[in-house]
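Visitor: Using the hints provided, position chains B and C relative to the given structure of chain A.
Chains as they are written, first to last, in the working numbering: chain A, 1 to 311; chain B, 312 to 753; chain C, 754 to 1056.
Please keep in mind that the hints were generated in silico from the structure rather than gathered at the bench. Please note that a few of the clues may not be correct.
A partial selection of chain B residues facing chain A, derived with a Cβ cut-off under 8 Å [stated by the list, open to error]:
#	residue
1	Ala339
2	Ala342
3	Asp377
4	Lys383
5	Leu390
6	Glu606
7	Val610
8	Lys613
Here are the simulated lysine to aspartate or glutamate pairs, DMTMM-like style, with alpha carbons at most 25 Å apart [unchecked claim]:
#	chain 1	residue 1	chain 2	residue 2
9	B	Lys562	C	Asp906
10	B	Lys638	B	Glu375
11	B	Lys695	B	Glu396
12	B	Lys638	A	Glu145
13	B	Lys383	A	Asp63
14	B	Lys504	B	Glu491
15	B	Lys613	B	Glu493
16	B	Lys423	B	Glu493
17	B	Lys613	B	Glu556
18	C	Lys829	B	Glu725
19	A	Lys258	B	Glu725
20	B	Lys504	C	Asp906
21	B	Lys429	B	Glu340
22	B	Lys643	A	Glu58
23	A	Lys150	B	Asp439
24	B	Lys695	B	Glu491
25	A	Lys228	A	Asp256
26	B	Lys609	A	Asp38
27	C	Lys900	B	Glu725
Now the stretches of chain C that chain B is said to cover, found in silico as 3 or more residues with beta-carbon under 8 Å [stated by the list, open to error]:
#	segment
28	781-792
29	898-904
30	1006-1018
Cβ coordinates follow ideal geometry from the N, Cα and C atoms, glycine included.
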Amino acid sequence: MAAKQERQNPSFYALIAVLVFMSVGPVLLMFVNSFKLDVDIISGSTGLLFLPTIQNYETALCDVLWYEIDHLDFCAIKFGGAFINSLIIALVSTVLTLIIGCMAAYALVRFRFMGRDTVSLTTLMVRMVPPAVLLVPVFGLWNNEFCLDKDGLIGGFIRETMGGRGDVCLAGTHSGIILIYVAMNLPFVIWILQSFIVQVPRSLEEAARVDGAGPFQVFFKVVLPLIKPGLAAAAIFTFRIAWNEYLLASALSDRDTKTVPILIVNNMSEFNVEWGVIMATGMLLAIPPIIFTLFASRQIITGMTAGAVKG
Amino acid sequence: MFNTMKSTAVGLTTMAFMTGAAFANPYAEYAGTTLIVNFPAHPHYDAAIKILPEFTKQTGIEVEVDQLPYLKMRERQTLELAQDEGEYDLISYVVFSKADYVYADQLENLAKFFMNPKLANPAYDATDLIDGYVQNIGVAGGAKGYLPGPTGSLFGIPFGSETSVLAYRKDIFEKHGIAEPETYAQLLDAACKIPEVEPGMGGMASRAASGHQASHAFLLHLAPLGGRVFDDAWNPIINNAAGVEAANALKTIVDCGPEGAMSFGPSEAANAFSNGDAAMFLDSIAFMPGFEDPERSKVVGKVGYAMHPMGVRRGSQTGGFGIAIPKNAEHKEAAFLLMQWLTSKEGDLMVAMEGGNPSRFSTYQDAGLNAKYPFSATFGEALKYADPDWRPIIPVWGKINADIGTTMSKVLTEGLDIQEALDGVAERTQAVMEEAGYYTWK
Amino acid sequence: MRIARANRLTPYMFMAPAAIIMAIALLYPLGYMVWGSFRAWNPSQSIGEAEFVGLRNYIFLWNDPNFHESLIVTLKFAFFVVSLEMLIGVGLALLLDRNIRGMSVLRTLFILPMMIAPVVVGLMWRYMYHPTVGTFNTTLESWGLPKVDWLGDHALMSIIIADIWQWTPFIFILSLAALQSLPRSALEAAKIDGATGWQQIIHIKLPLMMPVLIVTCLLRLIDAFKVLEVILVMTAGGPGLSTEILALRISRTATEFRELGVAAAMSNYLLILLLFFTVAMFLFTKWQEARARRLAAAIQEDD
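Next up, chain A with everything else stripped away, as it sits in the complex (with noise of 0.2 Å):
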């Protein structure tokens, strides 16, 4: 019977095994290569036998770490900058994309109103467009359209209190880089939300606006907090998609704002691949998704499920 724990026989347990092994293993590997020289890497000795070093970890960290590093010359790779604009990016268009994709997920399911309809289809099919897709036209728009007139009110005063040259455009700052992110997960959001909005009773909203309160006022006090989960789940897969994306950061940032993954890239350059650099600022960079993985897997999983299991 379904309910009761049921005894398994012994290779059931050893497929289950194999599959751990499979899915966490390449993972622990780069753990265990980030801790190795890349002499050690190179050689190819797979076993543990070596003395583990964190100068990989130093050189990546070089341009934030308080000590001198004595096998280093100069710092080469400024993973700390990268990190923090990671960081910024990655957090703000968190928070944007869910306040505004949640309000519009709210409307969606609570009036009816018209273009409703036209609304959602687009929010459907905005969904299957790939960011390789959007590359030329950003590129395009960012870099040329998006732009104030550095002799105009407000760019002059941006330049003037900002420093920098040219006209003022989005490319090369984080809003640039911010919008686009909001825009390609906006619709994600949208649709995770709808599922969640659609579970909360009409009948607190109701109480809620007997009591005198507007309807921005039901919205965030009553409807907002029932939908917690929904809203982290939502959350972490912004976050994650902000986080690992490099197509579009690599061709809107400029030196200032470069994000993780274009570091990793660049790091990844012709002339000399340092394997345990690399690997190390891999792991830097997968711990933040890593951490959420194991803390929030339960909204994870229901963020995913909640879009194609409950329709």
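Guide: Showing chains B and C alone in chain A's frame:
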């Protein structure tokens, strides 16, 4: 961290500048300026970045480096140079970008800086710069548009110039009585003999990855074997007998090469050699100091260096980078001072001591450098035969290069017929050239 | 309907931010791209300076063997990736649909690959596929087997394997959720009727899971066309064009060949292709849903 050798060099430099600056410090006016420079991720520039603090110390000019992989650097510059006001004060460019930038009028002509008595250092000694490189990397507007000639002028200065030499395993060659390859026939023989006599070891490690790398590898053999991409009237002749021979040579090398040779980029190829998986490595001198670094190489002290083998002629590659000042730069004069400092006798030597590639004859003859890097003399010799015309540097080259690279990769992996493949390239190249207007005067 | 009448503007106010952002940063760019695809446009020009060339970019691509090859690679990749992942994912879900202790821990471990950056996934696999020092070849060697040139001769297979590693868990988790939400009554009834495990799977479980499976399949299919970073880091599209999927070719055309117009036209072809798939899958879902509803109703009646 600085070794003693370098401190001496630094001391000398400082003295040289002190004497030059006895009356007025030419840098005083620019002290406090921050230059933003765009450098590639490349061993030479890694070395150059190490000496930048010294520049700041001597001149008071701060330098901020934006370092990118070199193909990426080109993409960034395309965008940056097209703006009305750019961020970069000094850029390093891959030699084949010269055509694009000069054609689009995006680089400063250097004449006006060298004419300015307040900027030009009389002790610069431009005749000491290796002429082939200056012509190939710095000059544009002469013969065929990209080669030197009476109508040419100077837009950049070579910095990080490279040619190709052959690195081979002396121990392995001696063990099996194979002679140091001097001709292509010997090279190819050795390449395929080694896997037979030394199981598990590939003959020669070569770039072969799809795209730019495969094209580079093919062109490397094309010039010494007597071929060219174009004849003098810009007709593609890449599919003639020499072209086929070069493609065959590349195929032989890859087939007899180490495991996974088909997907090698330069770093994989160099790693294969430094790891002892291949007995030869024919590529830019930029990689060679790495083979003598015990932290990264297992073949320290076992490597012999020879000139690029000869086919029907000597023709090693000329490549590498130059530095130039963009038209839209903010601090052009200070940028020129940095450029002049880096390529001066003292700067060139300092960079070379850190593992960079010299651009001056005097540096190659320097006793200290030869003591530290014993192969310097061979490199100096190889330079004499560097072929400035081994690949055409014209604005449409990027497109043709990509086509050659993809096609060569197909030859290597999918066994495409070589003659047919090259005929295809020639045909497509003809169309590209037609469209770009190279046949207007016919 | 009382709410809606209370304030006609409210829904629009709630929708406005999302609508504005998507209009500026998604719809306008897409329109801009269509416009740009009719021009000979390079990255150092603004679109206004670019010459109008009509359908030339589209015609060029239509006849371009490299584009054809890249298209075929993309379709092959998407087909193998989606079908293998569906097969393995659903299969595992059916196998592991039991109440065992620690299932939630297992699920946590299984979703790990999905959460890690594609760039890092590419990096790990590039190392593991490395011809001499990589994990696979050293293991093969220690077993006395010949080495395999993973990213050379078998590049497409290798990137498919890497994608399967990363995304099978997605399908596994969704199918597992679907399985566990099946009406128990139908399964019990089948058991009482003496249906074997296979019969239960084929006649009851799979048909009832079908709506979820189709949505899952559609999601994976859409995502399969978005893959880029993993391949970029592992092979950069090589050797030859053997792993150059369309997304990668678009990005190379734009940045390396500096032909924004052609890249835009290519993007449009890709969009049309995706639209076709999405609509087809959408219609199929509608049809399947209707069928599944009839089936469920039939089972209920049998009860």
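Visitor: Run every hint past the structure and note whether it holds.
Guide: Now for the hints, and whether the structure bears them out:
1. Ala339: 24 Å, violated
2. Ala342: 19 Å, violated
3. Asp377: Holds. Min distance 4 Å.
4. Lys383: Nearest chain A Cβ about 6 Å off; hint holds.
5. Leu390: 7 Å, holds
6. Glu606: 7 Å, holds
7. Val610: 12 Å, violated
8. Lys613: At 16 Å from the nearest chain A Cβ, lysine 613 of chain B fails the 8 Å test, so the hint is violated.
9. B/Lys562 x C/Asp906: 15 Å, holds
10. B/Lys638 x B/Glu375: Holds, because 19 Å separates the two Cα atoms, which is no more than 25 Å.
11. B/Lys695 x B/Glu396: 40 Å, violated
12. B/Lys638 x A/Glu145: 23 Å, holds
13. B/Lys383 x A/Asp63: Status holds; Cα separation ~23 Å.
14. B/Lys504 x B/Glu491: 13 Å, holds
15. B/Lys613 x B/Glu493: 19 Å, holds
16. B/Lys423 x B/Glu493: 45 Å, violated
17. B/Lys613 x B/Glu556: Violated - the C-alpha atoms of glutamate 556 of chain B and lysine 613 of chain B are around 31 Å apart, more than 25 Å.
18. C/Lys829 x B/Glu725: Given that 25 Å is the threshold and the Cα spacing comes to 17 Å, the pair holds.
19. A/Lys258 x B/Glu725: Violated, at about 38 Å.
20. B/Lys504 x C/Asp906: 23 Å, holds
21. B/Lys429 x B/Glu340: At roughly 10 Å apart (the allowed maximum being 25 Å), glutamate 340 of chain B and lysine 429 of chain B satisfy the hint.
22. B/Lys643 x A/Glu58: 36 Å, violated
23. A/Lys150 x B/Asp439: 44 Å, violated
24. B/Lys695 x B/Glu491: Since the Cα atoms of lysine 695 of chain B and glutamate 491 of chain B sit roughly 20 Å apart, the hinted pair holds (cutoff 25 Å).
25. A/Lys228 x A/Asp256: The hint is violated at about 35 Å.
26. B/Lys609 x A/Asp38: 12 Å, holds
27. C/Lys900 x B/Glu725: The given pair, whose Cα atoms are some 19 Å apart, holds under the 25 Å limit.
28. 781-792: Violated - the segment 781-792 of chain C has 0 residues with a Cβ nearer than 8 Å to chain B, which falls short of three.
29. 898-904: holds (count 4)
30. 1006-1018: This one holds; 4 residues, not fewer than the three required, reach chain B with a Cβ under 8 Å.
The structure shown violates the earlier hints numbered 1, 2, 7, 8, 11, 16, 17, 19, 22, 23, 25 and 28.
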